[in-house]
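K.L.:
First to last, the protein sequences are chains A and B.
Numbering of the first sequence is given in this note's numbering, commencing with residue 1088 and proceeding in unit increments.
Numbering of the second sequence is given in this note's numbering, commencing with residue 1088 and proceeding in unit increments.
Derived from the structure by calculation, the hints contain no laboratory data.
Honestly, I wouldn't trust all of these hints.
Which copy? The list can't say, so a pair holds if one copy fits it or any two copies do.
As the list claims (entries may be wrong) - DSS-like, lysine-lysine: derived pairs with alpha carbons at most 30 Å apart:
# : residue 1 : residue 2
1 : Lys1189   : Lys1440
2 : Lys1259   : Lys1291
3 : Lys1408   : Lys1189
4 : Lys1128   : Lys1440
Only a predicted model underlies this, so the values are computations on that prediction, with no experimental measurement involved.
This is what each chain is made of:
Protein chains: 2
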Amino acid sequence: MSFSFQVNSSDGAARTGVICTNRGEIRTPAFMPVGTAATVKGQTVEMVLQSGADILLGNTYHLMLRPGAEEINQLGGLHNFMNWSRPILTDSGGFQVMSLAKLRKMTEEGVTFQSHIDGSTHVLTPERSMEIQRLLGSDIQMVLDECTPYPCTKEEARISMELSLRWAERSKIAFSGQTDNACFGIIQGGIYEDLRHNSLEGLKQIGFDGYAIGGLAVGEGQEHMFRVLDSIASIMPVDHPRYLMGVGKPADLVGAVLRGVDMFDCVIPTRSGRHGQAFTRYGTINLRNARHAQDPRPIDPESNFEPSCQYSRAYYHHLFKAEELLGPILLTWHNLRYYQDLMAEMRNAIEAKGLGVFIERFEFDQARGDLTSIG
Amino acid sequence: MSFSFQVNSSDGAARTGVICTNRGEIRTPAFMPVGTAATVKGQTVEMVLQSGADILLGNTYHLMLRPGAEEINQLGGLHNFMNWSRPILTDSGGFQVMSLAKLRKMTEEGVTFQSHIDGSTHVLTPERSMEIQRLLGSDIQMVLDECTPYPCTKEEARISMELSLRWAERSKIAFSGQTDNACFGIIQGGIYEDLRHNSLEGLKQIGFDGYAIGGLAVGEGQEHMFRVLDSIASIMPVDHPRYLMGVGKPADLVGAVLRGVDMFDCVIPTRSGRHGQAFTRYGTINLRNARHAQDPRPIDPESNFEPSCQYSRAYYHHLFKAEELLGPILLTWHNLRYYQDLMAEMRNAIEAKGLGVFIERFEFDQARGDLTSIG
């Protein structure tokens, strides 16, 4: 087993650590940029590396449809295909089947669906999901689960969670024998704390290398999300990574780290970057707004990172107005770095037992907004 | 006067040299990537530098409309605006007024037109074009000319060329007093050799830092273009740079260098890169073509440049099929490097008095096509 996790320091429920994989170390708490279709949108791998990422996420659903898992395997695996040599975590495909595919049919066996790209029919079972992730060469494979929709009744959430548990067991069996990579279970149960507890207990009995929290950030709001985390993070295994899937905005990451989460992935920094929204210490900036047309200030005067300090807000405004590719390229790069810097600052704060002070400052700065005068 | 040009070596009509400007040296023969709207489309400035470019071109027409010449000047000039510290040549705006603007009205004074972006009315005169280029901070300003359309009668070509000559004189007068940068004249006259000669004679009497050949590559074909070059390149001043505007494909560059041209600009490598076409030693490759879907070979196995050797043709095919931004980014980067490598190889061949051998090899390789076997 070449996968390991070690907690290095803690501050309350929050902790720092290192995940070791065959392809390198991941400093936690970690943010994983999303490389949907074998590319982090608008970024070269060099840019992703320079942003500070230790690991990125690949989407099984997108890759199985185009170019195909066997095709990528023939081309040397996902790492070779996209020229990324550090760790990759792959999701199971279940979430995107629910949000993107057409004509879905769920059975105990798995889910049959039609591709949103060309309408072709595909089947995803726990066994096939694990096989696809193995073919891709994933360093961390996720069990196939059903992402419980929100809102739903407690009974619906229970039935869905129990199906996910049975699929988790089949996923683990399908994974068995692999020693070069890891397999994570996924806690479901919606916003119902006792269902979340039951889900976690079931997963612990199966036994996984890490435990993810799924089915949050699907519209329930930050308050529900933090309540669920308060309820289950503390009883998740201390010696395994805790991964909050699909989260989130900067304040979500901060609140989740405070509650003991180690790993995150989210499209927000990349998607926002493509649409002209910058994340900064002092809140977000919409660079499409006309008030930036003659603003000579960089996005972040305190930074020394090229896209954050070398270009004026006026230049970004111009690039987005002119629909130039360089706007999304540079702003995605900036946002990814903002996210990585936020994680690094939290790791430093935890090591110094100062996460509380850090969060006070973070919330003060975010609320202050972008009020510094021009010039 | 901080602008100078020195010929270092020659081989027949072809020559190598160095243009010195306040912002750095330009090795000739030189290819200038086009930075239309204050960005080389899809490239960071670091990528443009890594491709090997000494200088890039900015478009007066695009920049005067958006964000505006005075606006860029207020933001520290075009170099500062786009974070490019090496030389920039700006065109006069005349060519794009003819090809893009609406409701054009030509008079002796200049041209009135409506913006293709928002329909607003603008006036471009020789004096205003030179002022805009000065406001941008251009290192090499081009006189305003009328790009003679093709086809046209000899009488039309003569009238147009004579107007361009009068505008060239007004441009030179408007430029006078500037000592930090250079001003180039533009030879017009269509495909009529005696008109080209008259145009050149008129420009020489006015006196410019360099001489450009305009109004070619507008549909007349390579044969006409080379015939015009054969006729005028040899009588263009030896001690000033010769710039063939808007040219071209690799074979056009090679033929023009052979005939004594020193500078080129063209959107072909960038535009082709955005549309999936790669330039290589062995001809072009359309990476959208299905035959590349499982091709593990890089675009150029003989290269050590990241986009040329680190990604399979299958990966490029995937990126273009999935409409991922990274496809245009990486392929533009590859194409720019191909163009710069071609110029560097020609410079080396000229210095070694071996341009003829180089061209034989170039034509043989291009004609051979991409026939190497897979694997």
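K.L.:
Which numbered hints does this structure break?
P.N.:
1, 4
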